[in-house]
Amino acid sequence: MALQPQAADRRWRVWSTAIVVFVVVVAALLAFVVLPIVQGQSAGLTAFAAICRSLGLQAGSPAARQPSSESKAQPVSMVAWTPQVIDRLHHPNLKNGAEIAANICASCHGEKGVSPDAQFPHMAGQSAFAIYKQLHDFKNGARVNELMGSIVENLDDEQMADVAAHFSALTKGALDPRTISSGDPDVVRLVEYGVSGRGIPGCASCHGAHAGGPIETPTLAGQRQEYLFAQLTAFANGDRHNDIFNRMRGIAAKLHKDEIEKIAEYYAAVRLFRPQD
Amino acid sequence: MKSLERLTLAHLWVAFAAFAVACFFGVWQMWARSPLPAPFVTPDHYFLSVTAHGVSMAFVLTTFFIMGFGYFTAETALGRPLPGIHWAWLAFVISLAGALMATVAILSGRASVLYTFYPPLTASPIFYFGLVLVVVGSWIWCVLMIVAMSRWKHANPGAPVPLAMYATVANAVMWLWTTIGVAAELLFIVLPASMGWNDTVDVGLTRTLFSWTLHPIVYFWLFPAYIAFYTMAPQAAGGPLYSDTLGRLSFVLLLLYSLPVGMHHLLMDPMQSTGFKFVQMMLTILVAVPTLLTVFTIAASMEIAGRLRGGRGLFGWIPALPWERPMVLATGLSFVMLFFGGGGGLVNMGYGLNALIHNTSWVTAHFHLIFGGAVVIMYFAISYEIWFPLTGRVASSVLAQRIQLWLWFCGMMVMSLPWHWLGLQGQWRRVAQFDYSNPIIAAWGPWVIVSLVGGLLLLASAILFIWNLASFRRRPFAAVPSFRFAVAVHSPRRVPAALNGFGLWNALVLFLMVAAYGWPIAQFFVLQAPQAVVHRVDRGG
Amino acid sequence: MVVGGAVALIFAAILYAGLVLHVNPPSNIETIDPKTLHLSAEFTETNLGTKVEAGGQVISRIVATQFAFDPQCMVVPSNEPVTLRLASPDVIHGILVTGTNVNTMVIPGYVSQIHTVFTKTGDLLMPCHEFCGFGHSQMWATVRVVPRESFRPNADGRVACEKS
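Chains as they are written, first to last, in the working numbering: chain A, 1 to 277; chain B, 278 to 818; chain C, 819 to 982.
Among the hints, erroneous ones may be present.
To be verified - The calculated DSSO-like cross-link candidates involving lysine-lysine, where the alpha carbons are at most 30 Å apart (straight line), are: (1) 938/C with 72/A; (2) 72/A with 112/A; (3) 981/C with 262/A; (4) 938/C with 139/A; (5) 981/C with 72/A; (6) 139/A with 72/A; (7) 938/C with 981/C; (8) 139/A with 95/A; (9) 257/A with 981/C; (10) 279/B with 430/B.
Stated by the list, open to error - Partner residues are not named here, just some residues of chain B that face chain A (Cβ under 7 Å, in silico): (11) 386; (12) 559; (13) 714; (14) 716; (15) 773; (16) 775; (17) 790; (18) 792; (19) 810.
Derived by calculation from the structure, the hints in this document are not laboratory data. Ideal Cβ placement from N, Cα and C applies to all residues, glycine included.
For reference, chain A alone in the conformation it holds in the complex (with noise of 0.2 Å):
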């Protein structure tokens, strides 16, 4: 009678033990064998393509052949994050930013990054990835501007990352431009909510505190009317076209006139908290 139970338990063990295993070898044989092959006769593979593409050791269907591609790389912008130029943003040289701001941004931009003339932006407390991309797009001539264009020809990559990141240390904190009220709904309604008729994501869902956006998105508030309204038409008609993926063209493109000069001027008039205030 003591024997009976350690006998069942036992017949327990051998009997789930060689189900289980059983259950994953026909699994195992299916996926990894069967279908493949059988998929890829009628697809024109070998065996040992179709099981190879069934354990993903190589890209492809195990049922269909796989496309290729004769294209040649047209880039619209040189600038890739790799976690290299990540990590030099993050630890810049600020004393050299400072220098080559001083030297050479200030008659434009203005001392504290706050432009004195309306069509030259603020540079004041903008991402230091947004104006490291700009820098090298206008070198490389993705983004054409003849004034930029000839003064970043004397900036190498690490002199970039300095002066953007010692730009966007100019100001304390980020500003979330959805607490400031504008007058207008309609424009309130873009910037928070975009169209979905239109395809338009909303403004803030980019440019917003909290967003998650692209790496690169500069930030708008309180940035120059003028300049805003200037580089949206210039997406519009494709005059500037270093945006990844018609990020902004497509956006841009479908904006009425009224609504570009409205979005402009929403963005203007958000409170941004300078040195000097």
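Since chain A is already given, all that's left is putting chains B and C on it; use the hints.
Relative to chain A, chains B and C alone:
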């Protein structure tokens, strides 16, 4: 009140508080998505709400309820005080602190990444750390459950562990296995990224690790409902459990086959191969087996009870059941929702069919029906059932309890059935606002409103549930009888060691996990896929 | 046993789809660096959209980014095998095409690939169906399925939606 009752109640109240708040968020979300104008609808509010709703329902309501109910079961089923109750209180404090941290992060808008996290979208570290703490507290619970059972076995050598406790420990063991995925994801990838120590993340690996957790976690939630099916419903119906052995077997099969199947959440992802998707899909078919066994066993138990009460004929036992008892009513309603929800699940796991419904409202319908419906209705019934032994108070109105359960059922069906239809039409997920001027989308409008009505019924039910609990009355001089779980027709004097412990099953789970997830995870270390830049959602502007 | 029967039935259906219809979920373990996607040869801006390759394969290349698809409108022929290839330079996106079983995730680091045949002609909606940030609700594209006669590639083999 004894310490264990206070411990259980503390857990349940935290769970239900989170639940109630989440219901409000849920209704607002449905209003926002409908053609009807709703207030405060901006994308950031909407996704904050979705995150809050998801985290409250999926992490707080569930974990705290399961822990509280587990402590109660450990003491009542085993008939001895819970060992290490101070550890249990520590676990409660840790988990509560974590839940509060996560709440603060979410409500301040710094964690709108949804409860499934979407790396490289990266929230505030406080959010992730808060959730880690919730899990750590639950791990302490797991250990306490295992210790309680093993001490009982030591004191009762050769005796079968009471089914309710065996199932609870199965759940604890499963949870330990389950959390490996999300713990690895958070500790090694997401938290370091959120602390700024990494600027890029391997998205494929992160998603695969999360999928490890994503399926078994729903079975973690489901276990208490099944425990109630096996150990409370038959008793409430006035009959015995049809088979204790089938019960144990079902729980063991759930443990085995809920773990190596997470990839059915990745069927549409490019970075996992067809072969492994197929293997995990086959294992997923097997996880339907314990549910089918359960339906059979409980239906049989109910049939016995019905016939004992005089029911005749093929189906005469059904009306003969004491439907006025909330536990019986809830079980019946739960089975109806299980049928629809389970059926939807079979479509989801279909190797090819998944393509029809992935990331559509069909998926939303499925998990609201099966979890929000079939499982949560049992959470309500369990609460009603154990409230007296916990508090010494009796229900003011059992009718109100039944009304609440019916409201929940009707609300869930009205809300989720249209979603199934809409999902097949292509209505996609996580949308703050639909463009109802598009003719395709306009056709969906009326059904979205129907769903909203369902949601309002659910909100009413949720409020009534809290009201019902709060209005339990003190009955003067009432002695609290000890709580008893259902007994089986043939109460076993001995069960096979395999069905009285977990050694064998742990070994088999290990085998299954290596087979199902071994290469799918290891491949990332060989492949070294290019990483994506972290997108912070807790700063910027 | 009813349980066994149900399980066997489901299993048989799936096996049939796999063996006879060659239905597979979209797997494609082909990596691509999201950080330099715009510098890549295949997914450079001017190579996006539908192109008939040298071997006659119709391939539609699409980039999913926050918060639009590029191109936002693509033309595909009906009743011919079409391969969709998608990539993301930033976060997780996903697509479905209404009225079809085209459905895949787009994971940064990988090229998503779908082999399909479109049968219904007309403009189909292709929304982004996975949460990708606050602009997710406004992210959608149009798939224009045209009958073979209307599908006329230009000298480079490309077909694009007409500008309205």
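Hint-by-hint comparison with the structure:
{"no.": "1", "hint": "938/C with 72/A", "in the structure": "violated (33 Å)"}
{"no.": "2", "hint": "72/A with 112/A", "in the structure": "violated (43 Å)"}
{"no.": "3", "hint": "981/C with 262/A", "in the structure": "holds (26 Å)"}
{"no.": "4", "hint": "938/C with 139/A", "in the structure": "violated (48 Å)"}
{"no.": "5", "hint": "981/C with 72/A", "in the structure": "holds (25 Å)"}
{"no.": "6", "hint": "139/A with 72/A", "in the structure": "holds (22 Å)"}
{"no.": "7", "hint": "938/C with 981/C", "in the structure": "holds (22 Å)"}
{"no.": "8", "hint": "139/A with 95/A", "in the structure": "holds (23 Å)"}
{"no.": "9", "hint": "257/A with 981/C", "in the structure": "holds (19 Å)"}
{"no.": "10", "hint": "279/B with 430/B", "in the structure": "holds (25 Å)"}
{"no.": "11", "hint": "386", "in the structure": "holds (5 Å)"}
{"no.": "12", "hint": "559", "in the structure": "holds (4 Å)"}
{"no.": "13", "hint": "714", "in the structure": "holds (5 Å)"}
{"no.": "14", "hint": "716", "in the structure": "violated (11 Å)"}
{"no.": "15", "hint": "773", "in the structure": "holds (5 Å)"}
{"no.": "16", "hint": "775", "in the structure": "holds (4 Å)"}
{"no.": "17", "hint": "790", "in the structure": "violated (11 Å)"}
{"no.": "18", "hint": "792", "in the structure": "holds (5 Å)"}
{"no.": "19", "hint": "810", "in the structure": "holds (5 Å)"}
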